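Novice: Next come the chains, spelled out residue by residue.
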Amino acid sequence: MKQLLDLVTEAHQSGDYQPLVDLIPYARMLGVECACYGEEVIFRLPASEDHLGNPTIPAIHGGVIAAFMELTAQFQLTLQMPQPGLAKVIDFSLDYMRAGLDRDTFAICRVSRQGRRVGSCSVLAWQERKSKPIAQARAHFLLDAGKDSANPD
Amino acid sequence: MTPDLYTGRCTRFLNAQPHMRKLGIQLVKAAPREAVLVLPVQPQLVSDVLDTYLHGGVLTTLVDAASSVSTLCALDEFELCPTLDLRIDHMRTPVQSQPLYVQAECYRITRSVLFTRASVYQASPEKPVANAVATFMRPEPGSTDTAFRAMIEGQEHEATA
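So the sequence lines, in the order shown, correspond to chains F and B.
Its first residue numbered 0, the first sequence is counted upward by one per residue in numbering that gives the first Met the number 0.
Its first residue numbered 0, the second sequence is counted upward by one per residue in numbering that gives the first Met the number 0.
Derived from the structure by calculation, the hints contain no laboratory data.
All values derive from a computational prediction rather than experimental measurement.
Among the hints, erroneous ones may be present.
What the hints assert, rightly or not - Residues on chain B that point at chain F, a partial pick, calculated with CB under 8 Å:
| # | residue |
| --- | --- |
| 1 | Lys21 |
| 2 | Gln25 |
| 3 | Val37 |
| 4 | Gln43 |
| 5 | Gly55 |
| 6 | Val57 |
| 7 | Thr60 |
| 8 | Ala64 |
| 9 | Leu79 |
| 10 | Pro81 |
| 11 | Thr82 |
| 12 | Leu83 |
| 13 | Asp84 |
Unchecked claim - Stretch-level coverage of chain B by chain F, calculated; a stretch enters the list once three of its residues show a Cβ under 8 Å from a Cβ in chain F:
| # | segment |
| --- | --- |
| 14 | 5-17 |
| 15 | 86-100 |
Where is the CB? At the ideal position from N, CA and C, for every residue including glycine.
Please take these sequences and the hints and turn them into a complete structure.
Specialist: Next comes the structure, spelled out in structure tokens:
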């Protein structure tokens with residue numbers, strides 16, 4: 000866990016969050032990339048045959064789009080957290096609006112409320128135009144998950 | 000429909016999806032309106048830095064897959080139904096050393112929409128890791144790709160004959 004906190008601190012200092020993204024195996028498998036513009040971060044999910052769920056269109060698997068958007072939300076919140084740590088998902092709800100075609104997908108997250116313990120946010124994912132999103136999501140994250148390490152059953 | 004027909008249909012559907020093959024998600028059980036899938040333990044999803052941390056997105060993918068497969072067990076003929084919306088609640092942190100199971104049920108079938116619920120668990124279904132609900136949109140009649148449908152229904156040879 001020490002290493003994680005160090006990485007978060009380092010990422011805050013350098014402004015390069017890619018090492019943090021690569022820490023999550025599923026994010027690395029999906030090839031998620033991020034670009035920071037000040038406080039704003041845009042995430043990119045590169046097109047890949049491995050992401051497909053519907054081979055007839057072909058279209059990206061809904062789960063891949065969801066996971067990508069969840070990562071976007073998680074990192075946007077992590078970025079804004081006063082204490083280094085990794086936000087932990089509580090719930091995630093998304094609407095699929097268009098088929099995600101076999102091309103690059105982008106996502107951006109807006110934090111609507113960041114409390115001491117819980118953060119809520121919305122995420123938008125698009126391909127060609129931001130005005131034609133392929134999905135939108137809403138999520139809650141636990142921000143002091145480290146303190147809750149007992150995680151009682 | 001017999002259970003074997005559901006099993007064949009669901010297995011072919013999973014195998015036809017590149018991302019399901021990539022994650023190694025497999026069918027455990029197919030019954031009327033119900034499906035159980037498993038995500039086996041695998042090094043590509045395990046992090047040595049984050050001790051017990053499987054990304055929540057993996058569970059969402061698993062839930063979406065199982066919910067979608069449960070719709071296959073609720074319809075007389077194969078229809079390719081896209082997910083309309085999905086909500087997942089994470090109740091526990093899963094452990095990396097055990098496979099993840101997901102049981103999904105398509106509990107309501109209407110002319111246009113299918114409603115599903117799913118539960119993700121590891122050691123016991125009594126202790127769910129996550130719960131989810133989803134809705135799927137039924138395609139308009141005749142809009143599912145004919146060759147793809149034949150393949151999923153295991154009628155490839157008949158279709159080409």
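Novice: The structure should be examined with respect to each hint, and the outcome stated for every one.
Specialist: Consistency of the hints with the structure:
1. Given hint, Lys21 of chain B at the interface with chain F, holds; its Cβ is 5 Å from that chain's nearest Cβ, closer than 8 Å.
2. With a cut of 8 Å, the hint placing Gln25 of chain B at the interface with chain F is violated, because the nearest CB-to-CB distance is about 15 Å.
3. Because the smallest distance between the Cβ of Val37 of chain B and any Cβ of chain F comes to about 15 Å, over 8 Å, the interface hint for this residue is violated.
4. The restraint placing Gln43 of chain B at the interface with chain F holds, with a minimum CB-CB distance near 6 Å, inside the 8 Å limit.
5. Interface hint status for Gly55 of chain B: upheld, as the beta-carbon distance to the closest one in chain F is roughly 4 Å, under 8 Å.
6. Satisfaction of the interface hint for Val57 of chain B is found here, the shortest Cβ-Cβ separation to chain F being roughly 5 Å, below the 8 Å cut-off.
7. Taking 8 Å as the C-beta cut-off, the interface hint given for Thr60 of chain B holds, the closest approach to chain F being about 3 Å.
8. Satisfaction of the interface hint for Ala64 of chain B is found here, the shortest Cβ-Cβ separation to chain F being roughly 6 Å, below the 8 Å cut-off.
9. The beta carbon of Leu79 of chain B comes within 7 Å of a beta carbon in chain F, closer than 8 Å, and the hint placing it at the interface holds.
10. Because the smallest distance between the Cβ of Pro81 of chain B and any Cβ of chain F comes to about 6 Å, under 8 Å, the interface hint for this residue holds.
11. Given the 8 Å rule on beta carbons, the hint for Thr82 of chain B holds: about 4 Å separates it from the nearest Cβ of chain F.
12. The closest approach between the C-beta of Leu83 of chain B and any C-beta of chain F is roughly 6 Å, which is under the 8 Å cut-off, so the hint is satisfied.
13. Because the smallest distance between the Cβ of Asp84 of chain B and any Cβ of chain F comes to about 5 Å, under 8 Å, the interface hint for this residue holds.
14. Residue count for the segment 5-17 of chain B with a Cβ under 8 Å from a Cβ of chain F: 3. That meets the three needed, and the coverage hint holds.
15. As drawn, the segment 86-100 of chain B meets chain F at 6 residues by the rule of a beta-carbon pair under 8 Å; at three or more, the given contact holds.
Hint compliance for this structure: hints 2, 3 are broken, all remaining hints hold.
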